[in-house]
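A.B. asks: Assemble the complex: chain A is given as a structure, and chains B and C must be docked to it using the hints.
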Amino acid sequence: MTKFKSLVGQYEETRAALLPVLHLAQRAFAQITPEVEEYIADLMQLPPVKVHEVFTFYTLYRKKPSGKHVIRLCKTLSCHLLGAESIREHLCKKIGLHNGSDTTEDGRFTLELVECMGACELAPMMQIDERYYGPLTPEKVDAIIDGLTDEPAADEVN
Amino acid sequence: MPTLTIDGQQVTVPEKTNVIEAAKTLGIEIPHYCYHPGLSVAGNCRMCMVEIEKAPKLAIGCFTPCTEGMVVFTNTEKVKQARKDVLEFLLSNHPLDCPVCDQAGECWLQIYYMQHGQYESRMMENKIKKSKKATSIGPHVNLDQERCVLCGRCVRFCDEITKTHELGIFGRGNREELDVFPGKQLDNRYSGNVVDICPVGALTDRDFRFQVRVWYLGVQDSVCPGCSRGCNIQIHYNRNRPHHGHGRRVARLKPRYNSHVNQFWMCDEGRYGYKFVDAGDRIISPMLRRGAELQMATWGETLAASAERIRAVNPSQIGVIAWPQLTNEELYLVRRLFVDGLGCKNVSFSVPSKKDGGGDDFLITADKNPNTRGAGEIGLPIADSTGDILQAASRGEFKLLHIFGHDLLSSGLDQPLVESALAATETVIFQGSNSHLTVDRADIVLPSATFAEKSGSFTNFEGRVQRIHEAVPPLGDALPDWQILNRMARALEMGWDYQGTEHIFKELAENVAAFSGLSYCVLGDQGELLGYKPTNEAHIPTEPVTTVII
Amino acid sequence: MPEKILTKHFDVPGFRELGVYRQHGGYAAVEKALGMEPAAIQDEIKRANLVGLGGAGFPAGVKWGFVPQNTPKPKYLVVNGDEGEPATFKDRYLLEYAPHQLIEGMIICSYVVGIHKAYVYVRGEYVKQINILRHAVEEAKAENLLGENILGSGFHLDVVVHQGAGAYICGEETGLIESLEGKKGWPRIKPPFFPAAIGLFQCPTVINNVETLSHVPHIVNNGAEWFASLGTEKNGGTRVFAVSGHVRKPGIYELPIGTPLREIIYEHAGGVRDDRPVKAVIPGGSSSPVLTADQLDTNMDFISLRNAGTMGGSGGVVVMDDTTCMVDICANISNFYAHESCGQCTPCREGTSWASKILNRILEGAGRMEDIDEAIRICRNMMGRTVCLLADGAAMPILSYLTKFRREFEYHVENSECDVKKSH
Chain A
291 MTKFKSLVGQ YEETRAALLP VLHLAQRAFA QITPEVEEYI ADLMQLPPVK VHEVFTFYTL
351 YRKKPSGKHV IRLCKTLSCH LLGAESIREH LCKKIGLHNG SDTTEDGRFT LELVECMGAC
411 ELAPMMQIDE RYYGPLTPEK VDAIIDGLTD EPAADEVN
Chain B
232 MPTLTIDGQQ VTVPEKTNVI EAAKTLGIEI PHYCYHPGLS VAGNCRMCMV EIEKAPKLAI
292 GCFTPCTEGM VVFTNTEKVK QARKDVLEFL LSNHPLDCPV CDQAGECWLQ IYYMQHGQYE
352 SRMMENKIKK SKKATSIGPH VNLDQERCVL CGRCVRFCDE ITKTHELGIF GRGNREELDV
412 FPGKQLDNRY SGNVVDICPV GALTDRDFRF QVRVWYLGVQ DSVCPGCSRG CNIQIHYNRN
472 RPHHGHGRRV ARLKPRYNSH VNQFWMCDEG RYGYKFVDAG DRIISPMLRR GAELQMATWG
532 ETLAASAERI RAVNPSQIGV IAWPQLTNEE LYLVRRLFVD GLGCKNVSFS VPSKKDGGGD
592 DFLITADKNP NTRGAGEIGL PIADSTGDIL QAASRGEFKL LHIFGHDLLS SGLDQPLVES
652 ALAATETVIF QGSNSHLTVD RADIVLPSAT FAEKSGSFTN FEGRVQRIHE AVPPLGDALP
712 DWQILNRMAR ALEMGWDYQG TEHIFKELAE NVAAFSGLSY CVLGDQGELL GYKPTNEAHI
772 PTEPVTTVII
Chain C
75 MPEKILTKHF DVPGFRELGV YRQHGGYAAV EKALGMEPAA IQDEIKRANL VGLGGAGFPA
135 GVKWGFVPQN TPKPKYLVVN GDEGEPATFK DRYLLEYAPH QLIEGMIICS YVVGIHKAYV
195 YVRGEYVKQI NILRHAVEEA KAENLLGENI LGSGFHLDVV VHQGAGAYIC GEETGLIESL
255 EGKKGWPRIK PPFFPAAIGL FQCPTVINNV ETLSHVPHIV NNGAEWFASL GTEKNGGTRV
315 FAVSGHVRKP GIYELPIGTP LREIIYEHAG GVRDDRPVKA VIPGGSSSPV LTADQLDTNM
375 DFISLRNAGT MGGSGGVVVM DDTTCMVDIC ANISNFYAHE SCGQCTPCRE GTSWASKILN
435 RILEGAGRME DIDEAIRICR NMMGRTVCLL ADGAAMPILS YLTKFRREFE YHVENSECDV
495 KKSH
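Residue numbers (my numbering), protein chains in the order written: chain A, 291 to 448; chain B, 232 to 781; chain C, 75 to 498.
If we strip away everything but chain A, and leave its shape as in the complex, we get:
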């Protein structure tokens, strides 16, 4: 709540804090549900519909519950040129993700295929939680996955 208030306090209009507030909510509640949206709407004196519009518009707000680690694999342009597709296949095998699903059965990983992450010099690259990894090879993928702990990432936005 203190974080919420300090966020809102930075902006001339309360509504402007909505995007950062949704980020905060996603970390606090793990999944933004309609109940969470209504709670935020009430706090910020906004119609719930407007919160839902923002929630559904932006890619980084997850629409489904996700695993412990969210992997975003880039599929655009340079990453595509440098083999993102075969990295994807290897990654799926490594984390045990089967066709049709985007979260592993053990709930550890969610894989999202995303558009350009602004790291084309690291192509093919991925973001796990909040860190960037690249250039990827199958061996590097294995090492990264094996080296992941399940503690909160150090680079979380304050």
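If you're looking for bench data, these hints aren't it; they were derived computationally from the structure.
Computed from a prediction, not measured in an experiment: that's the story for all the values here.
It is possible that part of the hints are untrue.
[Stated by the list, open to error] Quick list of simulated restraints, FRET-style, between CB atoms:
{"id": "1", "chain 1": "A", "residue 1": "GLN300", "chain 2": "C", "residue 2": "ASP447", "range": "50 to 60 Å"}
{"id": "2", "chain 1": "B", "residue 1": "ASP452", "chain 2": "C", "residue 2": "ARG451", "range": "20 to 30 Å"}
{"id": "3", "chain 1": "B", "residue 1": "THR298", "chain 2": "C", "residue 2": "HIS190", "range": "28 to 38 Å"}
{"id": "4", "chain 1": "B", "residue 1": "LEU257", "chain 2": "C", "residue 2": "GLN143", "range": "33 to 43 Å"}
{"id": "5", "chain 1": "C", "residue 1": "GLU484", "chain 2": "B", "residue 2": "ASN471", "range": "48 to 58 Å"}
[As the list claims (entries may be wrong)] Cut-off 25 Å, straight-line C-alpha distance, at most; resulting in silico cross-link-like pairs (DSS-like, lysine-lysine):
{"id": "6", "chain 1": "C", "residue 1": "LYS78", "chain 2": "C", "residue 2": "LYS120"}
{"id": "7", "chain 1": "B", "residue 1": "LYS415", "chain 2": "B", "residue 2": "LYS363"}
{"id": "8", "chain 1": "A", "residue 1": "LYS353", "chain 2": "C", "residue 2": "LYS215"}
{"id": "9", "chain 1": "C", "residue 1": "LYS257", "chain 2": "B", "residue 2": "LYS288"}
{"id": "10", "chain 1": "C", "residue 1": "LYS308", "chain 2": "C", "residue 2": "LYS323"}
{"id": "11", "chain 1": "A", "residue 1": "LYS430", "chain 2": "C", "residue 2": "LYS323"}
{"id": "12", "chain 1": "B", "residue 1": "LYS364", "chain 2": "A", "residue 2": "LYS354"}
{"id": "13", "chain 1": "A", "residue 1": "LYS293", "chain 2": "C", "residue 2": "LYS264"}
{"id": "14", "chain 1": "C", "residue 1": "LYS202", "chain 2": "A", "residue 2": "LYS430"}
{"id": "15", "chain 1": "B", "residue 1": "LYS506", "chain 2": "B", "residue 2": "LYS585"}
{"id": "16", "chain 1": "B", "residue 1": "LYS285", "chain 2": "B", "residue 2": "LYS311"}
{"id": "17", "chain 1": "A", "residue 1": "LYS383", "chain 2": "A", "residue 2": "LYS354"}
{"id": "18", "chain 1": "C", "residue 1": "LYS78", "chain 2": "C", "residue 2": "LYS308"}
{"id": "19", "chain 1": "B", "residue 1": "LYS247", "chain 2": "C", "residue 2": "LYS147"}
{"id": "20", "chain 1": "B", "residue 1": "LYS363", "chain 2": "B", "residue 2": "LYS315"}
{"id": "21", "chain 1": "B", "residue 1": "LYS360", "chain 2": "B", "residue 2": "LYS315"}
{"id": "22", "chain 1": "C", "residue 1": "LYS257", "chain 2": "A", "residue 2": "LYS354"}
{"id": "23", "chain 1": "A", "residue 1": "LYS295", "chain 2": "C", "residue 2": "LYS106"}
{"id": "24", "chain 1": "B", "residue 1": "LYS309", "chain 2": "A", "residue 2": "LYS354"}
{"id": "25", "chain 1": "B", "residue 1": "LYS485", "chain 2": "B", "residue 2": "LYS506"}
{"id": "26", "chain 1": "B", "residue 1": "LYS288", "chain 2": "B", "residue 2": "LYS364"}
{"id": "27", "chain 1": "B", "residue 1": "LYS285", "chain 2": "A", "residue 2": "LYS353"}
{"id": "28", "chain 1": "B", "residue 1": "LYS247", "chain 2": "C", "residue 2": "LYS264"}
{"id": "29", "chain 1": "C", "residue 1": "LYS264", "chain 2": "C", "residue 2": "LYS147"}
{"id": "30", "chain 1": "C", "residue 1": "LYS257", "chain 2": "B", "residue 2": "LYS285"}
{"id": "31", "chain 1": "B", "residue 1": "LYS585", "chain 2": "B", "residue 2": "LYS255"}
{"id": "32", "chain 1": "B", "residue 1": "LYS247", "chain 2": "B", "residue 2": "LYS285"}
{"id": "33", "chain 1": "B", "residue 1": "LYS255", "chain 2": "B", "residue 2": "LYS288"}
{"id": "34", "chain 1": "B", "residue 1": "LYS506", "chain 2": "B", "residue 2": "LYS586"}
{"id": "35", "chain 1": "B", "residue 1": "LYS358", "chain 2": "A", "residue 2": "LYS353"}
{"id": "36", "chain 1": "C", "residue 1": "LYS264", "chain 2": "B", "residue 2": "LYS309"}
{"id": "37", "chain 1": "B", "residue 1": "LYS360", "chain 2": "A", "residue 2": "LYS353"}
{"id": "38", "chain 1": "C", "residue 1": "LYS82", "chain 2": "B", "residue 2": "LYS311"}
{"id": "39", "chain 1": "A", "residue 1": "LYS384", "chain 2": "A", "residue 2": "LYS358"}
{"id": "40", "chain 1": "C", "residue 1": "LYS215", "chain 2": "A", "residue 2": "LYS293"}
The beta carbon of each residue, even a glycine, is placed where N, CA and C say it ideally should be.
C.D. replies: Then chains B and C, alone, in the frame of chain A:
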């Protein structure tokens, strides 16, 4: 006041007028979807593009204010091609639902694509599927997300007019979906308006769903009788397909533009409150009580019986409960017949109702009658109140009660009082359109026409006198109240000979000071306020009537 | 070695720290600027030919001048750190390695225009860089370089670093402003909503890219002539090119803005891997029309690139060798725009996904010969008819692939397979 040229014609318009409105005044229609004069401007459909001299790109007419010396072209090849291309884009993901879509016949995709010759489809891809198809999102509205062209009119309506914010456009790109918040409904008191403003069949009326094709409908101007606001409406009646729509003649009501009263809108209670016109409980024949039973009779018989019973009593023994659902003309005749003609002094008109939705700060008023003001101006009530009349009746002071329309036995009046009043009165004459508990207690029943079946005028709570017109003929043997009163007066040998409602209104305007100067011609189709001062000039409506895409 | 401005000290350890930054001349420009007339500084920026390095290439000094001098409304500075254009990653480096350089530029710009509140909108994925920038802002505040009465001058400026949430359209100026106001990133209609007139919270707003503002302190320190002389006639100074794709050394390369493309690829980015021949190069981010191998001697300033039928854009260079299937790349790019279209207006919303569907079908071997001209027609129908330029940014590159590499598309249609992939 800038002067500009559109398609070679000059026009001068007020400041801040946009090009679409300026073109309208010249009779030039610029096609559009997202623009609506009653809502803020969005500028996203891109259909209203026009060519402006010296501008490199086509400009959207809705967002372009007229400036002095501007030269606009609405029909060049470039403009026509742009419209065709926008239409093609809109149709590219639009489902081929026309055969099952209620909007067919009044759909602006259909209308524009026929106008612009966009007949051939070149779209070979699979059309996008969306979550909600034919799903109700509220008590009155159905949503089909695939038909939606994402113009956003409905969202702006809920944001700006009702300020209830039920609707939003969720998602991004062509996966966008119009919807309500998860788990919520579109249930404000004006939800039906979004169906009017939706240019396609995305938002449709649940009440009207699959009832009758719109090209079978006739249209008549009228005024809603639901409350004292007097929203201007159109009655859409089924002309050619009596076996559709459950045999209802009146198929639906739509709001009609009036800048002084309701702008473009009407409330749901009024919109869906027309069923009584064709309901099974309509009284379609005059009736006389013979013994314990009410039996069908002819007009001759019932009017003769009424006249006989009226003549048989002293005027001080007559109680009249008139009805603020009657038109100005009819209320005037009530006064002329009972007060002036018979000398009766016990005439009231209002009856408290048991419950109603109350008013709000937009269109709905607490008074659920269209002509309370009219009744007052015409000099009613004479008695103190309906309650007093019933008190007197239950004391046996009245031999005859003439009740117009009210179901006293379901009203907010003290029920034992009503019972005893009805029991104590020798003759109860009921004159109204729909049967109910009070009708069953009457001795003489005179069937009258509903607002949709007669012409006349109402005076709204602000004193605006507005005309209604007959859309469908009275059901069965029913007659408009003014005709019943006319005949009754003749049966009472009062020498009346009214030829029509205009005739009555003319006399009304001469005899009631508030109505002085008014005439049907002056009332036009937007009405006029009481206290009108006629001038020698030809009467021009105070504001141009906007023809809008509704 | 050509002179570097922005990235000069990138290999100095701790350059992102205020102390180290100051040791290398940091914030001297602020001190100097606060003693100058705002109009004089703006004049320097204009004469330096500093142009918008986010993509538009519009003269920055002129843009600052669009904000009305006398207005009762507060003015805002918004820094565009959304960097969503595929192939672009320069601002990520500038934020991570030289946050104070940006802050310095922000202070000077705000001082010139009379702004007291600035927002830096950084794309949501750049979590590390956001943290670094926020830390730098705190350091600056602690040293009286931000906040009230900066360095005793009486000028005050507050900075908020705002995290985005994943939408390319929020790199569009008015889309960014809408997003900053807490709404969907739907761009506004221009006119009338030019940010300089009606911007953030309906107030006059200057909106500049991270790299553009980062140059400002150096122009103040070293003068307009110096900066202008590094570039070309109309575009001054250097720019940080982001090079990726089939080069040996992908990364950022800060070079004079008029540097020829060939030099960037072969003298700085290590040439093409395995010494393969170049087939195509994207010069300025995915929205720029593609260049073919015979166009490598084009200079990379905005004017030269426009004359070559493409654009300077974001300075994102993607080199593609002869193993590249152009149908594949074209479809990949079209999918990006279809995914990122905000959906507000009809031509872009429908056109981007329609084109994308057609191109994917051709790629998968289910194309018909009419599809190529259909895709061209759809792209042309989108252009010039939309609220913002995303549609044009989608249409122009797709058109360039379809025209310059038409033969490859035709092969895919006729043979339902790729001739390039077959032979490599």
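A.B. asks: Please go over all the hints and tell whether each is borne out by the structure.
C.D. replies: Status of each hint after checking the structure:
no. : hint                            : verdict
1   : A:GLN300 / C:ASP447: 50 to 60 Å : 52 Å, holds
2   : B:ASP452 / C:ARG451: 20 to 30 Å : 46 Å, violated
3   : B:THR298 / C:HIS190: 28 to 38 Å : 35 Å, holds
4   : B:LEU257 / C:GLN143: 33 to 43 Å : 41 Å, holds
5   : C:GLU484 / B:ASN471: 48 to 58 Å : 56 Å, holds
6   : C:LYS78 / C:LYS120              : 20 Å, holds
7   : B:LYS415 / B:LYS363             : 14 Å, holds
8   : A:LYS353 / C:LYS215             : 38 Å, violated
9   : C:LYS257 / B:LYS288             : 28 Å, violated
10  : C:LYS308 / C:LYS323             : 30 Å, violated
11  : A:LYS430 / C:LYS323             : 19 Å, holds
12  : B:LYS364 / A:LYS354             : 22 Å, holds
13  : A:LYS293 / C:LYS264             : 36 Å, violated
14  : C:LYS202 / A:LYS430             : 21 Å, holds
15  : B:LYS506 / B:LYS585             : 20 Å, holds
16  : B:LYS285 / B:LYS311             : 19 Å, holds
17  : A:LYS383 / A:LYS354             : 22 Å, holds
18  : C:LYS78 / C:LYS308              : 19 Å, holds
19  : B:LYS247 / C:LYS147             : 23 Å, holds
20  : B:LYS363 / B:LYS315             : 28 Å, violated
21  : B:LYS360 / B:LYS315             : 24 Å, holds
22  : C:LYS257 / A:LYS354             : 21 Å, holds
23  : A:LYS295 / C:LYS106             : 37 Å, violated
24  : B:LYS309 / A:LYS354             : 46 Å, violated
25  : B:LYS485 / B:LYS506             : 14 Å, holds
26  : B:LYS288 / B:LYS364             : 37 Å, violated
27  : B:LYS285 / A:LYS353             : 48 Å, violated
28  : B:LYS247 / C:LYS264             : 16 Å, holds
29  : C:LYS264 / C:LYS147             : 20 Å, holds
30  : C:LYS257 / B:LYS285             : 35 Å, violated
31  : B:LYS585 / B:LYS255             : 47 Å, violated
32  : B:LYS247 / B:LYS285             : 20 Å, holds
33  : B:LYS255 / B:LYS288             : 22 Å, holds
34  : B:LYS506 / B:LYS586             : 19 Å, holds
35  : B:LYS358 / A:LYS353             : 24 Å, holds
36  : C:LYS264 / B:LYS309             : 21 Å, holds
37  : B:LYS360 / A:LYS353             : 19 Å, holds
38  : C:LYS82 / B:LYS311              : 55 Å, violated
39  : A:LYS384 / A:LYS358             : 16 Å, holds
40  : C:LYS215 / A:LYS293             : 20 Å, holds
The earlier numbered hints that this structure contradicts are 2, 8, 9, 10, 13, 20, 23, 24, 26, 27, 30, 31, 38.
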